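A.B. asks: Protein sequence lines correspond, in order, to chains Z and D. This note's numbering numbers the first residue of the first sequence as 25 and each following residue consecutively. This note's numbering numbers the first residue of the second sequence as 519 and each following residue consecutively.
These are calculated hints, taken from the structure and not from any lab test. Owing to the predicted nature of the structure, the values given are computational and were not obtained by experimental measurement. Mixed in with the good hints there might be a few duds.
[Stated by the list, open to error] Across the chosen pairs, the derived CB separations fall in these ranges: (1) Z:L152 x D:A690: 51 to 59 Å; (2) D:S771 x Z:L98: 36 to 44 Å; (3) Z:F58 x D:E554: 38 to 46 Å; (4) D:E554 x Z:T155: 24 to 32 Å; (5) Z:R134 x D:E554: 35 to 43 Å; (6) D:S683 x Z:F58: 28 to 36 Å; (7) Z:L189 x D:S558: 42 to 50 Å; (8) Z:L150 x D:Q539: 32 to 40 Å; (9) D:S585 x Z:L150: 32 to 40 Å.
[Stated by the list, open to error] Stretches of chain Z that chain D covers, calculated by requiring three or more beta carbons in the stretch to come under 8 Å of a beta carbon on chain D: (10) 72-85; (11) 94-100.
Even glycine gets a Cβ: it sits at the ideal position worked out from N, Cα and C.
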Amino acid sequence: MIALLLPAALAAPLDLVLGGADAGTYAARAQVGFPWTGASAQVGVGKGWALRADYETASFARHQPALGVGYRWLDRRWRITGEAMAGWVYQPGTLAQSGPSGELRIRAGRTGRVVPIVNLGMQGILPLTRTVVISDGGEERSLSADTGLTLTGGLGVAVPIGARLAAEAGLDLDWVDVPTISIPGAYVAISVAGGER
Amino acid sequence: MLLFLLACSEPPEPGVLYDGQRLPVVDMHLHSGDWEGVPSGTQSFIARNFPFPFNLDPETTAKSTLSAEGIVEQLDIAAISHGVVFAVYAPRSVGVASNETISAQVAEAPGRLWGLASLPIESWETGEEAALAQLEAALQEPGMVGIKLAHTHMHQRMDDPDYYSIYALAAAQGAPLYLHTGSSPFPGTQPDPAYTDPRYLEEAIALHPDADFILGHACYDFINEDTLDLDSCVDLARRYPNVYIEISALGSSSSDARAEDYPVVLDRLRSEGLTERVIYGSDGPQRPGFLLAYLERTVSVMEEVGYTDAEARAVLSDNFTALFGLDAVTL
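In isolation and in its complexed conformation, chain Z is listed as follows (with noise of 0.2 Å):
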């Protein structure tokens, strides 16, 4: 699961490391990993609050887009942040769902030359199940939702890289599908930031 978006300002790249953002600035941020490979984008909007899309695949297999906003909640030398995403789970094959989701995620780190992070979260999900049963009275539709939980956790490393590149590794803890075991996978990523505050 994408652990964290890196946008930089111009001039002070690690202003905007854990999440939020200034007004005027952007960032971007792409993630290659065992199991989770996937791209992320952020807008600051003002006010601490950011406008983010993310996309996010395990193994090729799960698909996870989404869309939401991060606020800053807490701006010292430890950083606070949440966002809240919506969007679409589609996993086909053998224990295929797809379905609409929902998720929470707060996170914290701490300013300087090598940031650490953790992160932590919640995601939900109603698979949806389509059902056509044809007799001889005709074919009768239905529709069902399930639910799914996902806990999502974290823990990286991010460095600066002059004012407008960081660089990132870390673990991702997250525990899909509960009560399904899952094992942890690690990640590297890189963040590309712009704009001017």
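Given the coordinates of chain Z, assemble chain D onto it according to the supplied hints.
C.D. replies: Just chain D, lined up with the frame of chain Z:
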């Protein structure tokens, strides 16, 4: 990542440490076969037992553990000397792993694997003779040492005399019979007691004293997760010298999450004086690392309920080799 490291490391010293002694191990219950031969409902059931993200591509995960190479790799990780893979003909539940598939796998690892043959019973009224001939031919293949049946998976009543010809063939061939007993968690199985409770086998056992019957899973009820039918196993093993009890799967973390039933079963078998009839198996490979995990849990429970070194050795390898007429495994 742990599995990756396990796979990259040198195989451990063979055997398992028990009370300071290293004992050889034979895992008499392993599955193989083709993913394509498994019904879709059972594929889903299997996939749900794989951890994320391996459950996203269960076919690849299954193939990596169902091949002869994959099974031997899992045996190596668990330091188990030999494994026994089962042919299965249960198209309405768990699928098909043909005799040809199993004998080919045994041939790929002749020093490590033995096989149990089986037979299709879907057209028994018209195809009995051909099926028995197929079974007999499979038993002539190198390393094919016994017969596997699963009445609940195959929809075959335990007390149906129509199938007694299988037991007669087993006796004539000197091939022990492994029978799934107790209910099964898989979709498409037949859960009625006549298919799961070995009390219904008594007539067959009594009529075929030269056939050896191994009651798989110690009659564990995998649906309700209880040991009520253990009485049937114990009763039959006490009264018939040709009855053995195998202890796979019931002690796994998914079947016995509270870790309460496995100690009850192993303690009961020991207190009933049946340790010379108990045979170890895991019901793997299931998922990478399962063989090691099940062996560790079994050894831990044996120690907990007081099995001696000799009793542990008997259960883990000697009872199997003696029953199947094989040389005792040494380390």
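A.B. asks: Look at each hint and say if it fits the structure.
C.D. replies: Do the hints match the structure? See the list:
Checking the proposed 51 to 59 Å range against L152 (chain Z) and A690 (chain D) shows it holds: the Cβ atoms sit about 56 Å from each other. Between S771 (chain D) and L98 (chain Z), the C-beta spacing of about 41 Å keeps the proposed range 36 to 44 Å intact. Taking 38 to 46 Å as the suggested C-beta distance range, the pair F58 (chain Z) and E554 (chain D) does not conform, at roughly 27 Å. For E554 (chain D) and T155 (chain Z), the hinted distance range of 24 to 32 Å is satisfied, since their beta carbons lie about 26 Å from each other.
Checking the proposed 35 to 43 Å range against R134 (chain Z) and E554 (chain D) shows it is violated: the Cβ atoms sit about 53 Å from each other. Judged by the Cβ atoms, the range 28 to 36 Å given for S683 (chain D) and F58 (chain Z) is violated: they are separated by roughly 53 Å. Here the CB-CB span from L189 (chain Z) to S558 (chain D) is close to 48 Å, well matched to the stated 42 to 50 Å. For the pair L150 (chain Z) and Q539 (chain D), the beta carbons lie near 55 Å from each other, so the given range of 32 to 40 Å is not met.
Between S585 (chain D) and L150 (chain Z) the CB atoms are about 38 Å apart, so this pair conforms to the stated range of 32 to 40 Å. Residue count for the stretch 72-85 of chain Z with a Cβ under 8 Å from a Cβ of chain D: 3. That meets the three needed, and the coverage hint holds. Check on the stretch 94-100 of chain Z: 0 of its residues sit with their Cβ under 8 Å from a Cβ of chain D, so the three-residue criterion for coverage is violated.
In summary, the structure is inconsistent with hints 3, 5, 6, 8, 11 from the numbered list given earlier, while agreeing with the others.
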